[in-house]
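K.L.:
Sequence:
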Amino acid sequence: YSGYCAWRGVLDFSEAEFSQTMKGIQKAYPDLGNCLYFDITLGSHCVLYELQNKRLNWLWYINQPEPELK
1 YSGYCAWRGV
11 LDFSEAEFSQ
21 TMKGIQKAYP
31 DLGNCLYFDI
41 TLGSHCVLYE
51 LQNKRLNWLW
61 YINQPEPELK
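Numbering-wise, this note's numbering puts 56 at position 56 of the sequence shown, and it's gapless, one number per residue.
Just so you know, nobody snuck in bad clues.
Label pairs and their computed distance ranges (CB to CB):
1) Ser2 with Gln52: 27 to 35 Å
2) Gly9 with Pro67: 18 to 26 Å
3) Ala6 with Leu32: 18 to 26 Å
4) Leu42 with Ser14: 28 to 36 Å
5) Glu15 with Gln64: 29 to 37 Å
6) Ala28 with Pro65: 26 to 34 Å
7) Gly24 with His45: 18 to 26 Å
8) Glu66 with Thr21: 31 to 39 Å
9) Lys23 with Pro65: 36 to 44 Å
The set of hints was computed from the structure by calculation and includes no laboratory data. Just so you know, even glycine gets a beta-carbon here, dropped at the ideal spot from N, CA and C.
Given only the sequences and the hints, what does the whole structure look like? Please build it.
P.N.:
This is the structure we're talking about:
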């Protein structure tokens, strides 16, 4: 166990390109579609990048202790 748990998703914004959510994302990440974005904080980090056909791929890594299995 590496100490991280990962959450991953794809946001299809092809029909909501001008929604408030996408406006906020594009404001925070103005070069989205031209690069990868890495956000690094204490105990976690995330990666964001645009896929083809107006889709946003995101991965969020969270530092967590190893679970106790019973």
